[in-house]
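Residue numbers (our numbering): 10 to 106.
Hints are not guaranteed to be accurate.
Said to hold, decoys possible - Lysine-lysine pairs mimicking DSS-like chemistry, simulated, CA-CA at most 27 Å apart:
(1) K38 x K11
(2) K12 x K53
(3) K12 x K77
(4) K77 x K38
(5) K53 x K22
(6) K53 x K11
Source of the hints: derived by calculation from the structure; they are not laboratory data.
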Amino acid sequence: MKKTLFAEFTARKGAEDEVAGLLREYTRKVREEDGNLAFEAYTKASDPRAFWIFEVYRDEDAFQAHLKAPYGAPFNTALAPLIEEDASVLTFLDPLG
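Turn these sequences into a full structure, and let the hints steer you where they fit.
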(Lines of atoms letter the chains of each structure in order from A and count residues from 1; the text may use other names and numbers.)
(Lines give C-alpha, C1' and ligand atoms only; values in the text may rest on other atoms or scores of the structure.)
Protein backbone atom coordinates (compact mmCIF):
# COMPACT_ATOMS: atom_id res chain seq x y z
CA MET A 1 0.00 0.00 0.00
CA LYS A 2 1.27 3.51 -0.83
CA LYS A 3 2.57 5.66 2.02
CA THR A 4 1.22 9.20 1.73
CA LEU A 5 1.86 12.12 4.00
CA PHE A 6 1.69 15.85 4.36
CA ALA A 7 4.52 17.72 6.12
CA GLU A 8 4.33 21.31 7.22
CA PHE A 9 6.48 23.87 8.99
CA THR A 10 6.87 27.63 9.32
CA ALA A 11 10.08 29.47 8.52
CA ARG A 12 11.29 31.94 11.10
CA LYS A 13 10.87 35.55 10.01
CA GLY A 14 13.64 36.40 7.57
CA ALA A 15 14.61 32.74 6.93
CA GLU A 16 12.09 32.12 4.12
CA ASP A 17 14.62 32.29 1.29
CA GLU A 18 17.14 30.05 3.04
CA VAL A 19 14.45 27.48 3.83
CA ALA A 20 13.23 27.58 0.23
CA GLY A 21 16.77 26.98 -1.05
CA LEU A 22 17.31 24.02 1.27
CA LEU A 23 13.94 22.59 0.32
CA ARG A 24 14.55 22.93 -3.43
CA GLU A 25 17.78 20.92 -3.16
CA TYR A 26 16.18 18.32 -0.89
CA THR A 27 13.21 18.00 -3.24
CA ARG A 28 15.53 17.24 -6.16
CA LYS A 29 17.24 14.45 -4.19
CA VAL A 30 14.02 12.88 -2.86
CA ARG A 31 12.46 12.80 -6.33
CA GLU A 32 15.40 10.63 -7.45
CA GLU A 33 14.62 7.94 -4.86
CA ASP A 34 13.45 4.70 -6.42
CA GLY A 35 10.39 4.41 -4.19
CA ASN A 36 9.29 8.06 -4.32
CA LEU A 37 6.14 8.63 -6.37
CA ALA A 38 5.58 12.30 -5.53
CA PHE A 39 7.31 15.04 -3.57
CA GLU A 40 5.74 18.46 -4.05
CA ALA A 41 6.77 21.45 -1.95
CA TYR A 42 4.67 24.61 -1.64
CA THR A 43 4.44 27.86 0.22
CA LYS A 44 1.11 29.32 1.19
CA ALA A 45 0.17 32.10 -1.24
CA SER A 46 -0.87 34.43 1.57
CA ASP A 47 2.07 33.54 3.85
CA PRO A 48 5.42 32.69 2.21
CA ARG A 49 6.77 31.56 5.60
CA ALA A 50 4.36 28.58 5.63
CA PHE A 51 5.77 25.54 3.84
CA TRP A 52 3.75 22.45 2.90
CA ILE A 53 5.05 19.23 1.37
CA PHE A 54 2.95 16.45 -0.15
CA GLU A 55 4.81 13.11 -0.28
CA VAL A 56 3.91 9.70 -1.72
CA TYR A 57 6.06 6.58 -1.52
CA ARG A 58 5.51 3.23 -3.21
CA ASP A 59 5.05 1.45 0.13
CA GLU A 60 6.25 1.39 3.73
CA ASP A 61 9.63 -0.05 2.71
CA ALA A 62 10.19 2.84 0.28
CA PHE A 63 9.24 5.31 3.02
CA GLN A 64 11.67 3.68 5.45
CA ALA A 65 14.42 3.85 2.79
CA HIS A 66 13.62 7.56 2.40
CA LEU A 67 14.03 8.08 6.15
CA LYS A 68 17.45 6.41 6.01
CA ALA A 69 18.72 8.38 2.99
CA PRO A 70 22.10 9.98 3.74
CA TYR A 71 20.92 13.49 2.89
CA GLY A 72 17.87 13.44 5.21
CA ALA A 73 19.63 14.07 8.53
CA PRO A 74 21.79 16.93 7.18
CA PHE A 75 18.66 18.55 5.70
CA ASN A 76 16.78 18.30 9.00
CA THR A 77 19.80 19.58 10.95
CA ALA A 78 20.11 22.62 8.65
CA LEU A 79 16.35 23.21 8.72
CA ALA A 80 15.82 22.99 12.51
CA PRO A 81 17.15 26.44 13.50
CA LEU A 82 15.33 28.07 10.58
CA ILE A 83 11.78 27.00 11.50
CA GLU A 84 9.42 27.79 14.35
CA GLU A 85 8.48 24.20 15.13
CA ASP A 86 10.84 21.64 16.68
CA ALA A 87 10.57 19.63 13.43
CA SER A 88 8.24 19.19 10.48
CA VAL A 89 4.70 18.39 11.55
CA LEU A 90 3.69 15.17 9.76
CA THR A 91 0.18 14.06 8.90
CA PHE A 92 -0.18 10.58 7.43
CA LEU A 93 -3.02 10.13 4.96
CA ASP A 94 -5.15 7.13 3.95
CA PRO A 95 -7.04 6.96 0.65
CA LEU A 96 -10.82 6.99 0.73
CA GLY A 97 -11.14 4.55 -2.16
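Item to check | 27 Å Cα cutoff - pair K12, K53 | outcome: holds (24 Å)
Checklist entry - Regarding the pair K38 and K11, is the alpha-carbon distance no greater than 27 Å? => result holds (20 Å)
Checklist entry - Given the hint that K53 pairs with K22, does the C-alpha gap stay at or below 27 Å? => result holds (15 Å)
Next on the checklist: Against the 27 Å threshold, does the CA-CA distance of K53 and K11 hold or violate the hint?
Outcome noted: Measuring from Cα to Cα gives roughly 26 Å; hence the hint holds.
Item to check | 27 Å limit on alpha-carbon distance, applied to hinted pair K12 and K77 | outcome: Cα-Cα ~15 Å, so holds.
Next on the checklist: Please verify whether K77 and K38 have alpha carbons no more than 27 Å apart.
Outcome noted: holds (13 Å)
Going down the numbered hints, you'll see the structure goes against none, and every one checks out.
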